[in-house]
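Line order of the protein sequences matches chains W and C.
Residue 255 in the numbering used here sits at position 255 of the first sequence; the count goes up by one each step and never skips.
One rule links them: number in the numbering used here = place in the second sequence (from 1) + 1000.
Source of the hints: derived by calculation from the structure; they are not laboratory data.
Each residue gets a CB set at the ideal place from its N, CA and C atoms; glycine is no exception.
Errors might be hidden in some of the hints.
Facing chain C, a subset of chain W residues (Cβ under 8 Å, in silico) [unchecked claim]:
(1) 71
(2) 72
(3) 74
(4) 75
(5) 93
(6) 103
(7) 105
(8) 112
(9) 120
(10) 123
(11) 127
(12) 129
(13) 135
(14) 172
(15) 299
(16) 300
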Amino acid sequence: MSVRVSSRSGQLQAAPANGGDRPVIEVSGLAKRYGEVEAVRGIDLAVRAGETFGFLGPNGAGKTTTIKILCTLANATSGTATVAGYDTATQRDAVRRNIGLVFQDTTLDGYLTAEQNLRFHAELYGVPKDAVQPRMRQVLDMVGLWDRKDSLVSTYSGGMQRRLEIARGLLHAPHVLFLDEPTVGLDPQTRSSIWAYINELKGREDITIFLTTHYMDEAEHCDRIAIIDHGKIVAIDTPEALKASIGKDRVQIHTADDEAAIAALTGTFGIEAAVHEGAVTFSVDSGEQFVPRLFAELGVPIRSVSVSRPSLDDVFMSYTGKTIRDAEASGTDAMRQMARLRGRR
Amino acid sequence: MVTDTLTPTAESAIVESIRVAVPRRGLRHDLRAVSVVWRRELIRFRTDRLRAVTALVQPVLFLFILGTGLGSLAGRGMPPGLDFKTFIYPGVLAMSVLFTAIFSAGSIVWDREFGFLREILVAPVSRASIVIGKCLGGATIATFQGIIFLALAGFAHVPYNPVLLVTLVGELLLLSFTLTAFGVMLAARITQFQAFMAVTQMLVMPLFFLSGALYPLSGLPSWLTVLTRIDPLTYVVGPMRDAVFSHLNIAPVEQHLLAPGLDWAGWPVPQWLSLGIVAAMGMTMMAIAIAQFRKTE
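So here's chain W without its partners, still in its complex pose (with noise of 0.2 Å):
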């Protein structure tokens, strides 16, 4: 099937997203301060049409105030940003008609039927009525939802919500869809389920994907991540690619002496070492040909031992120098202290 809605006049014609090579997403020297917290420190960087690009970091790392930005809900308070080409300080209107934004938490109308949802989101985007019925049916049928589409929404579960928000924020087409942390709250295998969603739409429509995550496997179905932390991007690649700065295995022993083990590790190996996760934590070249070394002169007993090939949370530790849990629970503090500060204006 193949519907094509032309529009009613020439004046309808949406703005070619890119033209030609130009970034979708164009960030530069972007810093947000609310009082004294600074939430985003100045940050470039340039989204590809088509992508799917991860911003990754802990909580309270400033990920969802660049969302704010990007999508004209926040001023920035220094640097610019343009968004399908439109400038989202100056231009927020033409910003707006082009994206699609699923918030992290629900604001959806519980009171309302599926389809009413999507019936005022439509006319609030001003969708041709003879486009609503079969762009509808399109965009609930991709994440299964059509069937469910006359229940009231306060009867869906926290994964159907999901699903719904994803598909309203694709029914006026837009050119960039906006995910702030699209799983969070939601249990593993839901969790996969949206995923299993969004690489289904990556395949169907001509659309951008600009999400945030602080889930490091979820990172890897992005085709490039930022990773984020304390309002600056410490770095921007492929997943693989990320992986393979690190080049290293990742080393994790229980020891009866954590602290005469990393002694030990320093003064027999010459390797730096720290305890991350209640485990002593370190890198080495090739892990396998390296524990039997370990086990005959660290001098210290070893109750456990664990290699892994470099993750998406190596990568993190190595730019940030801690795991994103580690991060968590500082950038918790953070967050605390600018919802203090947004209540009190």
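Fit chain C to the known structure of chain W by using the hints.
Only chain C this time, still in chain W's reference frame:
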């Protein structure tokens, strides 16, 4: 409840996605946005019957309990054959829309954090259309609320005269609009729901008591006279009482005593001006609310 399936539906083999061109903003588009916000408000009112019932409790208490109780005392000053309940009915009718109108704006505070308002703020619609839709929506549901109470007019010996009913509904609509605009203006500034409730609770009762809903506005001490003339509710309760009394069978002298009409230091305020003041206040507060909503974080 249907569980989440792991595989996306395969049968929908739509290769090409449907193209939708989102139009540039224009007046028609903004009017449609006003209508979306307004209709959503009506649907919410319809699905929340409990709210409609609970909002009726307070005015019913005032009319029947306070009206009957105080009537045994205040009734002595009333002309023979005139019930005290009839006297306070217009004021209590105004009260029946007071809470609904102001609190309907409270959902803005709630919505901004959690819901629909955030989705509408990122849509290509003007901030003005959101505020206007909200004010009209609140005004409509509050007027419905008032109409429910209007059905009880007979118990206060107010006649069901068509002209009177139409007049009262029109005045309720105006009052509801201004009160909603007032609530929206507050909600635009306040980001916490509890704070909004506290502020409005604090303001609602003085608005009601100073409006002359429970006593005539003539012969008051001068400090109270001044306060009553500041209260916007006064400028609706006055005309509503005039309307009710002009449809009762009582002597002009007594009518003048109980419903003397509004005056500013002896100058009688004409009814059109009285209602015009209320409309102007509503428009001003709505304009302030729009300006508030235009600001970006």
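Structure-based check of all given hints:
1. Interface restraint check for residue 71 of chain W: the shortest CB-CB distance to chain C comes to about 5 Å, inside 8 Å, so the restraint holds.
2. For residue 72 of chain W, the shortest C-beta to C-beta distance to chain C is roughly 7 Å, which falls under 8 Å, so the interface hint holds.
3. Evaluation of the residue 74 of chain W hint against chain C yields a held restraint, the C-beta minimum of about 4 Å falling below 8 Å.
4. For residue 75 of chain W, the shortest C-beta to C-beta distance to chain C is roughly 5 Å, which falls under 8 Å, so the interface hint holds.
5. Checking residue 93 of chain W against chain C by beta carbon gives a least distance of about 5 Å; that is within 8 Å, so the hint holds.
6. For residue 103 of chain W, the shortest C-beta to C-beta distance to chain C is roughly 6 Å, which falls under 8 Å, so the interface hint holds.
7. Proximity of residue 105 of chain W to chain C holds as hinted, the smallest CB-CB distance being about 6 Å (cut-off 8 Å).
8. Because the closest C-beta pair between residue 112 of chain W and chain C is about 7 Å apart, less than 8 Å, the hint holds.
9. This hint holds: residue 120 of chain W has a C-beta 5 Å from the nearest C-beta of chain C, less than the 8 Å allowed.
10. Hint on residue 123 of chain W holds. Least Cβ distance to chain C is approximately 5 Å, under the 8 Å limit.
11. Annotation: residue 127 of chain W was flagged as interfacial toward chain C, and the flag holds, the nearest CB pair being 5 Å apart, inside 8 Å.
12. At its closest, the beta carbon of residue 129 of chain W sits 11 Å from a beta carbon of chain C; the interface hint therefore is violated under the 8 Å criterion.
13. The restraint placing residue 135 of chain W at the interface with chain C holds, with a minimum CB-CB distance near 5 Å, inside the 8 Å limit.
14. For residue 172 of chain W, the suggested interface contact is upheld, since its CB lies about 5 Å from the closest CB of chain C, less than 8 Å.
15. The interface hint given for residue 299 of chain W is violated, since its Cβ lies 50 Å from the closest Cβ of chain C, which is over the 8 Å cut-off.
16. With its C-beta approaching chain C no nearer than about 46 Å, residue 300 of chain W sits outside the 8 Å limit, and its interface hint is violated.
In summary, the structure is inconsistent with hints 12, 15 and 16 from the numbered list given earlier, while agreeing with the others.
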